[in-house]
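There are 2 protein chains.
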Amino acid sequence: MADNNTVRFGLLGCIRFASKFVRTVTQSSNAVIIAISDPSLETANTFAAANNLSPETVTVYGSYEELLDDPRVDAVYLTMPVTQRGNWAVKAAEKKKHLLVEKPPAQDAAEIDRIVEACVSNGVQFMDGTIWLHHQRTVKIRETMFDSGLLGDVRHIYSTMTTPIPEQVLERLTKDAMGLAGAIGELGWYPIGAALWAMSYQMPISVMALPSSVATNSVGTILSCSASLQFGSTATAIVHCSFLSQLSTDLAISGSKGSIQMNDYVIPYKEDIAWFKYTSGAKFVDMHIGWNMIPEKVTVDCSGAEESQEAMMLRAFTRLVQGINRGESEADRRWPEISQKTQLVVDAVKKSVDIGCQIVYL
Amino acid sequence: MADNNTVRFGLLGCIRFASKFVRTVTQSSNAVIIAISDPSLETANTFAAANNLSPETVTVYGSYEELLDDPRVDAVYLTMPVTQRGNWAVKAAEKKKHLLVEKPPAQDAAEIDRIVEACVSNGVQFMDGTIWLHHQRTVKIRETMFDSGLLGDVRHIYSTMTTPIPEQVLERLTKDAMGLAGAIGELGWYPIGAALWAMSYQMPISVMALPSSVATNSVGTILSCSASLQFGSTATAIVHCSFLSQLSTDLAISGSKGSIQMNDYVIPYKEDIAWFKYTSGAKFVDMHIGWNMIPEKVTVDCSGAEESQEAMMLRAFTRLVQGINRGESEADRRWPEISQKTQLVVDAVKKSVDIGCQIVYL
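Protein sequences, first through last, are from chains A and B. In this text, residue positions in the first sequence follow the UniProt record's numbering: the first is 1, and each later residue adds one. In this text, residue positions in the second sequence follow the UniProt record's numbering: the first is 1, and each later residue adds one.
Heads up, some of the hints might be wrong.
Identical chains share a label here; the pair holds if one copy fits it or two copies do between them.
[Stated by the list, open to error] Lysine-lysine pairs mimicking DSS-like chemistry, simulated, CA-CA at most 30 Å apart:
1. Lys277 x Lys96
2. Lys103 x Lys283
3. Lys297 x Lys96
4. Lys257 x Lys277
5. Lys270 x Lys351
6. Lys140 x Lys270
7. Lys283 x Lys175
8. Lys257 x Lys96
What the hints contain is simulated information worked out from the structure, not anything from laboratory work. In this text, all values refer to a predicted model and were calculated from it rather than measured experimentally.
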């Protein structure tokens, strides 16, 4: 039973992927789903049944408007196609609903700005669904490597998000479904965000899509792209996203003193445990027949209740919402700022693609 | 005691690093060092003493010419600065000495071509000292991932070689000491060679140094550079080399079916054992709360006698020399071809730097 502190969620969009969010909320002690909605009532009903959402506790709506008009709903989780997110996010904010929006939250930076402005005007929290930022491993890396000085100054970042899509489906990826940035928004959001995270959200001075890395389908949707990001004279990042490669989610950060490696930063191999590897002060031994160390493996136990990265994200979001609802705090500006910065870089890479892989200055 | 099959080596250059070669030959059953040389006789004598090279079995020369005139010497190992390697390699070939040359073997592709031509004319073997190509792990990856189809078509390669040099030394890195390509030749040789190896020596159609990735010291020596390599429309590679970052030797290969990861491809963490990791057919599990697998770790035992990568290289070289010396085979053209292709790409990246990070077509 929901107490006064429990955040009451409504779903805007009943895509299959939203099942993960339902699962996370169901396991949570401070959130509950009280309504779901989809433009197709049939889709919404099927989703409710598939996810054991009882009609006694969860209202099923055949339109987003109805759900937004439900005064019991505190917060909404938006999963509809990216091309619709911006408009519905603004409407939800105007209805005083706190917003958890699947990534990418909008089609471009201007659209995110409109969402964030609506959230600020209406005093509601905004957060996009970049789950890995909430993983305990991410926090642990920040402490272990950055705060301690073991990494030193960041010099180079390499990050990927590639996941294959069957050939016959590639042609069906339209800009209506995928947004204008295509793979750069859908997938590139992760490595671009990872590069910004590694740079503590310092913005790049310029970006450039790499010639020959860009592949599109016959309707012009970007399917694959690599880009370089220049952070002043001190650091560069390479980001790579593709629907044409095997699954890869690599994040390698090289610093002046140490380096970090992960191959599963977006979604850890396992839900209950995660690890990263690092070296600091590594060098070849005398005569170069080996190293003075092998990488240190740091393991983070996430087997406890509500310790998955989804649960951690949900908790971070609900705490902010609870604080606002109790009148104890204002909406946290850090999360929307991270989304805005990430989108600005996504847009810049997209622009570089559009102008033939020329450098785009930010 | 050397029998007729034993390859008798002479050293051209007595830098400290040559100790590794001495150690490898000493442990070898089919090679022996019979002479060393350095323009400074004192340096040569000090090297002999430091490496327990007895005057009874090893002749010490105060000039390269004298060593090349020693008819007992079958093969030479060249370690002098890169700016001198080309000339001495040609002279050695003309004296019918087989050539094992530290990498990079020359300053540019034209110079390597001259060396290779001299070797062909004189019927001697050429091989550069890119040791990792001879490691059993390298062979194992080729079999396990490429030949088996587990990797599929190569889509993306990421490779680095970074090793820090103290700040006060950076300014002393002149083009006389480092060659015109600076870090691209000294360090970039490895990731460029790794990309070519991953592409089974298909040449890129174009390369481009990445804007803002290039750092030089006050005398214009390149200290750091990233570059992208385009292999037709199907594959791209990112290579990164730097004297400004912590030690990193990463090689990640993403294919249409699988991926390979190593963080110590140049020199394995340990001499007696090495490993790589791969996935094939990896995907997120239902609801994206993990993967359907964790990377497979393949370990290669190199603890046996003459199983280090240096010993493997020496054995590969001596077998070729023995075959030629016994009149059973001609010089193997594959090794010089690998060096030539690697240098062509090094040169193209260097040219891209020179023309402001424009695309250079090969």
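Each hint tested on the structure:
no.: 1; hint: Lys277 x Lys96; result: neither (43 Å within a copy, 49 Å between copies)
no.: 2; hint: Lys103 x Lys283; result: between (39 Å within a copy, 20 Å between copies)
no.: 3; hint: Lys297 x Lys96; result: neither (45 Å within a copy, 51 Å between copies)
no.: 4; hint: Lys257 x Lys277; result: both (14 Å within a copy, 25 Å between copies)
no.: 5; hint: Lys270 x Lys351; result: neither (36 Å within a copy, 45 Å between copies)
no.: 6; hint: Lys140 x Lys270; result: both (17 Å within a copy, 28 Å between copies)
no.: 7; hint: Lys283 x Lys175; result: between (48 Å within a copy, 25 Å between copies)
no.: 8; hint: Lys257 x Lys96; result: neither (47 Å within a copy, 46 Å between copies)
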